[in-house]
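Taken in sequence, the protein lines are chains A and B.
Just so you know, we're using the numbering used here here: the first sequence kicks off at 1 and counts up by one.
Just so you know, we're using the numbering used here here: the second sequence kicks off at 1001 and counts up by one.
Hints are supplied without guarantee of correctness; some may be wrong.
Claimed, not checked - Derived DSSO-like pairs (lysine-lysine); straight-line CA-CA distance at most 27 Å:
(1) K1236(B) - K130(A)
(2) K7(A) - K203(A)
(3) K113(A) - K73(A)
(4) K73(A) - K90(A)
(5) K130(A) - K1148(B)
(6) K90(A) - K1236(B)
(7) K113(A) - K167(A)
(8) K1309(B) - K90(A)
(9) K167(A) - K112(A)
(10) K73(A) - K177(A)
(11) K291(A) - K280(A)
(12) K279(A) - K294(A)
What the hints assert, rightly or not - Negatives, chain A to chain B, calculated, CB over 10 Å:
(13) G57
(14) I77
(15) Q82
(16) F98
(17) R146
(18) F222
(19) P243
(20) H287
(21) L292
(22) G299
(23) T311
(24) D339
What the hints assert, rightly or not - A partial selection of chain B residues facing chain A, derived with a Cβ cut-off under 7 Å:
(25) G1022
(26) P1023
(27) V1208
(28) E1210
(29) L1212
(30) R1214
(31) Q1217
(32) A1223
(33) P1233
Read the hints as simulated data drawn from the structure, not as lab findings.
If you're wondering where the values come from, they're calculated on a predicted model, not measured in any experiment.
Yeah, the Cβ is synthetic: ideal placement off N, Cα and C, and Gly gets one too.
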Amino acid sequence: MAEVVLKDVVKNYGAMFAVNNVSFTVADGEFVALVGPSGCGKTTTLNLIAGLIPMSGGDIHIGDRLVNDLDPKDRDIAMVFQNYALYPNKTVFNNLAFPLQMRKLPRAEIDKKVQSAAKVLDITHLLERKPRELSGGQQQRVALGRALVRDPRAFLMDEPLSNLDAKLRVQMRSELKRFHQDLHATVVYVTHDQLEAVTMADKMAVMNGGFLQQYDTPANVFANPINTFVASFVGSPAMSLIPLEVASNGTQTVLQSSEGWELPLSPINARKALAASTKKVVLGARHSTLKLAKSAVPGSVPGKVYTVEPTGDITFAQVFISGAVVNISLEPSVAIRPDEMVFVEFDQERIHLFDGETTMALTL
Amino acid sequence: MSIATGQGTAVLAPTLKSKRVGPLQRIYNHRADYLYVLPALLVMLIVIAYPVYYTIELSFFKTPPNLQMKDKVFVGLDNYATILSSSSFREVTMNTLIWTVFSTLFAFLIGLAAALALHREFIGRGVLRALLLIPYVVSAVAASYVWKWLYHSDFGVIGALAVQFGLTDKPINFLDNLHTVLPSLIVVNVWKEFSFAMIMLMAGLQTVPEQLLRAAQVDGANAWQRFWHVTFPHLKSVSMVTVLLLMVSNFNSFIIPWVMTGGGPAGASDIWITQIYNIAFGRQRYGVAAAYSVILFIVMMTLGYFYVKALTRGDESRAG
């Protein structure tokens, strides 16, 4: 296994920049998830690492080698694709053997490696079958096996779980995580599902519009989102964002709503808010940090219930506050109805403030 | 996978149901459907079934040359015996086989090469694709006349070029030479129908998943290995269908040899259909021509059987 280093990587199609100056380092044995919405450039980034499409600029190192001009086959990487990409006319055995045959390994060695990979993935009984005779989960295992059999420097995975049904996806997720831990494999994993990224990855690279937004551990990305995009992308449900204006009511710095109410800020938050480039400030809060009250309490703001979604152990309420939809998690016993007027209490210690103009997080 | 399962149940359901009702009841249940296809069936009876029947009937008769069919004489299998024992039958059959096999082979291979070339993106691809389709859409008679002039021993461009480049001392007599006439006609035929193979295979190439080619690339396969291990297996069904359609059309060829040589010289480019045409309308021996047609019909039906089988097998592998 080896580290993968991207430095100022660019891929453009004319004026369209699919990947724009992306730099990050995947340490040896690290599991990094590239996440972002459709079209954010995450799959393009992966294909650039694989060498399947030519780069427009920048450098990529795999291990100690600069691989910019190397063909995919010479980069010594293995890839797992979204729809498995198994060779339909070959048996499972030959699918696993293919990368080894292409490298002209002796037959006995191929046989040994295929058998051992099949054993690890528990697909030995499937070796004589054709891919179309397998279930989705089995095909996924074979695809993984084909990557595994070669002992590559890095694994590149392009949404490998997104074709599986919800239950199988959760199961394969833990298997993949286990597989990574056992092999100490360097993995670059593309997904649009931030939950997959948060649960599996050592680090996540959040991308949007071809730019790398934030690269950090899932815990840090979750706790300190660098801008409103990351804040609204990571977390389930995502962080609620309310556009407001910072103002002073004589004694205190407050956030003012166009609906007329004011939210006083703690001294620290006040300093953050005043650091914004304009008066516009976005207030962010995660569902679990918000409290719902039926009547006004200090530090609360008025809202109107939009929907109530019981999920069993938690009930999610969506509340309109100053024109924005705010998610709040409640005990199932709390009885509220749609269109009911409520008050939402913010925890000054756990709110996030973003510059309304630059969308960047306001910090001290 | 789930689509296949869906199809499976859809097919299964009517079969289960039909076990409970009799065939008459089933026809009655679908009486409107039968009514809708009735006009088409009637037309087919008149223009296909009756001619086929009448040809088979004629093949057992000696027919007078004046088309007075009431004077025809029943001769049993004599017409068949005449054909099968004649030396020209063996020659013409050999010509037809050479014509069909080589036309099909080269039309397919050149069509495949063209399809692969056009599958890549490059500047001018659309124009080139349109140009390569011209042979297929051009009238066969017009093309045959043009090629006849290209091959002409005195005024032909091909001969002139061959002399200019010093390949020969004097222009070759392509169409009047026993040994060059059939290959020359096959060249025209391949030129005419390779576009068909190209279209079919281009459609087939669209079905090769991009991800599979990428997977093969990462797995270390070079361009040829990617073609052999990924692309070609995907083209198998469409290739079989294309080859069979080409073979059927080549067994039935008429226009190119008829316009360019009329089967000559000395029958060197005579194939089944030109021969049948000659027997019927040149020598007015309708009974023999009919028997000839029946033999050809049997060969074609056999081919058709394999064609349908290949088609349905393609369906099964897709559904499974």
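Hint-by-hint comparison with the structure:
1. K1236(B) - K130(A): 17 Å, holds
2. K7(A) - K203(A): 17 Å, holds
3. K113(A) - K73(A): Roughly 19 Å between the alpha carbons, so the hint for K113(A) and K73(A) holds.
4. K73(A) - K90(A): Cα-Cα ~20 Å, so holds.
5. K130(A) - K1148(B): Distance ~52 Å between K130(A) and K1148(B) Cα, so the pair is violated.
6. K90(A) - K1236(B): Cα-Cα ~14 Å, so holds.
7. K113(A) - K167(A): Distance ~30 Å between K113(A) and K167(A) Cα, so the pair is violated.
8. K1309(B) - K90(A): The given pair, whose Cα atoms are some 23 Å apart, holds under the 27 Å limit.
9. K167(A) - K112(A): 33 Å, violated
10. K73(A) - K177(A): 26 Å, holds
11. K291(A) - K280(A): 25 Å, holds
12. K279(A) - K294(A): 31 Å, violated
13. G57: G57(A) is indeed farther than 10 Å from all Cβ atoms of chain B, at 22 Å.
14. I77: 7 Å, violated
15. Q82: 7 Å, violated
16. F98: 5 Å, violated
17. R146: For R146(A), whose nearest Cβ neighbour in chain B is about 7 Å away, the distance does not exceed 10 Å, so it is violated.
18. F222: 32 Å, holds
19. P243: 41 Å, holds
20. H287: 34 Å, holds
21. L292: 42 Å, holds
22. G299: The claim stands: G299(A) keeps its Cβ more than 10 Å from every Cβ of chain B (closest is about 52 Å).
23. T311: The assertion about T311(A) holds, with a minimum of 27 Å to chain B.
24. D339: 40 Å, holds
25. G1022: 37 Å, violated
26. P1023: 35 Å, violated
27. V1208: 11 Å, violated
28. E1210: 9 Å, violated
29. L1212: With Cβ-Cβ at 5 Å, under 7 Å, it holds.
30. R1214: Status holds, d = 5 Å.
31. Q1217: With a minimum Cβ separation of about 5 Å from chain A (threshold 7 Å), the hint on Q1217(B) holds.
32. A1223: 11 Å, violated
33. P1233: 4 Å, holds
In terms of the numbered hints stated before, the structure departs from hints 5, 7, 9, 12, 14, 15, 16, 17, 25, 26, 27, 28 and 32, listed from lowest to highest.
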